[in-house]
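Trainee: Here's the letter readout for the chains.
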Amino acid sequence: MSEQLSIMDDFVAEAKEHLDSIEERFLELEKTAGHPDPELVNQVFRSIHSIKGAAGFLGLEKVKELSHVMETLLQMVRSGEVKPLPTVIAPLLEGADFLKSMVADIVSSNSVDVSAICTKLSTLINKNTQAEAELGQVVTIHEKGQKEEIPFRLDEFTLSLVPPHCSYFYILSYDLSSEVRVNNVSPVALILELMKTGEVLDVIAEVQVDDLGAYLDQKPPLTCSLLYATMLGPELIHVGVGLEPEKVRQIADPRVKEKAPAKPDAAPVPVPETVPEPAPAKREGELKAAKSNETIRLPVEILDRLMTLAGELVLVRNQQLLNTDMNNPVCRGITQRLDLVTSELQDTIMRTRMQPIGNLFAKLPRICHDLSKKLGKKIELELSGKEVELDKNILEALSDPLTHIIRNCCDHGVEMPEVRRKAGKPECGRVLVKAAHESGQINLSISDGGKGIDPAMPRKKAIEKGFKTEAEVNAMNDKDALGMILLPGFSTAEKVSDVSGRGVGMDVVKTSIEKLGGTLDLTSKAGEGSTVKLQAPLTLAIIPSLIVEVGGERFAIPQVNLEELVSLFNNDVIVKIEQAMDQEVYRLRQELLPMVRVKEVLAQPDPFDSKTRAKIAKKYRKEALLNKGKMCSLSFAVVKSGFKRFGLIVDNVIGMEEIVVKPMHPEVRNLSIYSGVTVMGDGMVSLIFDIEGLAKHSGIREIFGAGVEETHTAPPLKQETQAVLLFQYGPRETFALPLPLIRRIEKISMSRVEKAGNKEYIEVDGISTRILRLEEVLKTSTAEPADQMYLLLPMHIKKPFGILISHLSDVVTVSAELNTESHMQDGLLGSLLVREHMTLFLDIFRLIEKAEPQWFAHKKSSPVKPEEKKRLLLVEDTNFFLQLVKGYLEEDGYEVHTAVNGREGLAQLEVETFDLVISDIEMPEMNGYEFLKALRAGGHRDLPCLALTSLSSEADRKMALDAGFDEYRLKINREDLLETVTELLSPSFTERKGDRP
Amino acid sequence: MKNAARTTDSWKNMEFCSFQMAEQLYGVNIIDIKEITSVTRFTLIHHAPSHIKGYLNIRGLVHLVLDFRQMIGLEPAEITEDSRVILLMPQVGPSFGILVDRIGNVVTVNEDQISERRGSRPQAESSDTERRTHSFSMGVYMLKEELLVLINARQLLRKTSNDTTR
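Residue numbers (our numbering), protein chains in the order written: chain A, 601 to 1597; chain B, 144 to 309.
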């Protein structure tokens, strides 16, 4: 059933399109009757011609009959025999009207009586041509080299339409059911294909049009013979029409035949209308009945208005419900009925907008078919979920994206048949399109089972195109790498083909889906195919939304943008909202979430710049500190739009509600932060936020591809930030040093520098201080000579020592996770992309050590044998410190094992033995105090333990020692750390400890 | 443009609804008026120009309300019991209305007695108001005791659009 409809729909849509354009053109022709525009005539002629062709194919006898007569007349207009005078145009228009009404009710079109109009048109033809008798004459046709006549109907007129270069005539036998089932070619598509290379002169199909669909669904072959004139020679014809040789029979050119004395009177009386058994009155009645069943087109505005009124009716009903005396049976009855009718009315009006997605699917087989031919691939399209209904607007908006995706699948996804065979797949690729309802949304998935996308390819491309650096790309996981395909300007096609690479990339598809409030997701497995998952709301008119309150006003946040809600209480409000550069942020699990205060956005009509953001952050910081210790709470909604994700801080969260969306008034449509308005239950108007607009207004940047903030080490570590000083020495590099490592920075005049050997010294605070030029120890550019320079004096270094700096750039807060792979040198901790500049993080201790090795004389000089190495357990949650401390310890000849929290540390202790434990205090899951208590209780009473922390107060120190730590040291003091470790591991310490009670 | 011309033509004897703003009477052609409402609870539209008062829901249809005071350059005033919103017909512009201080009577105006705005010099107004009003007024009409400034409602939105395209 569904198949029949789709084929018929195909024809009907096609024919309607032609007929709609014809009317206008007829009228145009009439105006210029004296000298009709030949192109215009041609267009009209071709329209009617293709209707005729397809109608014959589908067994639509009456449509074919009428269009044939119209075509004949138009041919005469075309040849100039007839002028398109009103007397000619009028019946043609009438004919077009007839066709229209027949097309509108196609199933019963064969029972329409067209004889009257045909006669009318024929009279015109007769009047204007003497050759009519000849033209109507039946031409007999023979298989080449045989005398037997073939039962096709062919008259001189039809023959005269065959262009001279179409000199080959064939009878083609098609099995329609297999065409549809196997090749997914609808009859209409087939005939259009044939008409590209020739003319279909007549069709014999042993089917009734109204059960064509039923036949097509059945397995048994449904043959159909065509008389076909073409320019394709016998050697080409099979390929051209896609049939095996035995299904094609060549016949003699009837035009050539005619010259020979044939049998002109063999069939002297042409009986074109053999079928009709006229019963005009009845037919007319049926036609009218059919007409009344027609659909009507309405402006959506009217439906919207109906919706609005229904909404109002709901309000009235609610009031009525409240005011009804439920004890009065009459009143109660009426109210209940009102209630019922209102609900049903609202429901029905909603339904007027809904259409099955099958309407959208109908055009896909054709696209797929054409493409597979063009590309030389074998592709089968499988559609499921045609009955899923969705709003007309959404349906229309999905059309282009879906087409684009299907094209992509055919072009890039499905491989060539031979490639597929080699890969052990069936030659015929299958593109699967599935539609389904899910929680008030429509889910579309399109999978191609093709070659898939190797995540290496988008990575490579991203570097080539300069979107990302190598380091960033390598830090990405495969899913994110694939996701880059959806970025603007990113087309993965190796060659731009005319099929899918037309400058419109997947980003356009993604954007248009997101405009609808939907999402698009791409997954792919190399060798197994790609799947595009597309999610869109069922309707734009009613959307579920979160209602929030800001400054006493209510606003709606569309649910599609909403990820979660977070509430903070009391001290958390102050502690958890942090500041990263100018932006307030919240650390949500692994991610730094920028925070937007809706109240501030509303108060500030101009888009935020850095200054504004900093001001806001400062204001709330102050406020929070003032409120310290008081009861307070803060709610925010985590929202996303495209690749942006951020928190919206609101005063109050009211709840979820289904809202009816109305557009913004044209006067205020330029305000980017709203997407529309809605009327709330109490009659007040509320504005709906445009999340993308809010993000833009408040300057939230895309977080996508922030690969540098990701870490390779599993399990994922807490995202730490650190404040660093950015500075320059040579002109090419930017360096960074964590602020806690800097004692101070001294402005120096280079003229005061003294040289001793090849080393430079300057007096700072009365002490002669060694100046380190970075090029001494690092591969780096040299500073240009200048008199004024800076000397950076590091913390925790006992010897007088400073690093020479030419320019101080800034102090910024950045991720503590450094990239330790690219740009690595001995003397660096790692690198990080800061403000789009590769920034090198100095390992200050290592630099000093490289410059003045003799200062570190205590360092073990002889390499330690592996079996003698002391085994240390380092427990630290921050990757930065973990790597830093681990590096120091390993350099000093220790074997270092690591754990990221106390719980993991305990687990390690169960299976391994260690000589020393070094632990951080502040850690997730199990902190240092708990860890140590558990450790001491669990049989490691004597194991030396060192607390390593950034908490430096005496109270902290006491707490650590109480918990069972033997020593307490600050994290970043390298020398001190190494000395302490040596001390804790020395036999004297162990003895001393053993002596303790 | 066509519409404006037609309005002018059919003016012979038209009725104007008058309203008062700070001592001055204004009038809007009653054929342009859909309804006058006393509902004055608006939904503020942040980021919109100040003369846009907000949104108003009238039986399910959302209207944009302009503050006529600010449009003619007066200071915004408190909404009082007399405040009204004049909602205009759809053909005047997409659902909108103007907030006025107080509604007056319906005045019959004879076209011949309308003096062109340009030529007249009403004293009651500041020059700022004069300048602002000019873009949407069609002329003045002499009542027995005072002047009636006739407003072309169709120009109201046009005027604000120009303002908002800063």
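It should be emphasised that the hints constitute simulated quantities derived from the structure, not laboratory data. All of these numbers come straight from a predicted model, not from anything done at the bench. Cβ atoms here follow ideal geometry from the backbone N, Cα and C, with glycine treated the same way. Check before you lean on any hint, since a few could be wrong.
[Claimed, not checked] Under the rule of at most 20 Å between Cα atoms (straight-line distance), these lysine to any residue pairs were calculated in the SDA-like manner: (1) A:Lys-1296 with B:His-190; (2) A:Lys-1133 with A:Leu-964; (3) A:Lys-1240 with A:Gln-1322; (4) B:Lys-177 with A:Lys-1218; (5) B:Lys-177 with A:Arg-905; (6) A:Lys-1199 with B:His-189; (7) A:Lys-986 with A:Arg-966; (8) A:Lys-1218 with A:Gln-1322; (9) B:Lys-177 with A:Leu-909; (10) A:Lys-1296 with B:Arg-297; (11) A:Lys-1199 with B:Pro-192.
[What the hints assert, rightly or not] Partner residues are not named here, just some residues of chain A that face chain B (Cβ under 7 Å, in silico): (12) Gly-911; (13) Leu-913; (14) Val-916; (15) Pro-1205.
Trainee: When the hints from earlier in the document are held up against this structure, which numbers fail?
Mentor: Of the numbered hints given earlier, those the structure breaks are 3, 4, 10, 13 and 14, listed in rising order.
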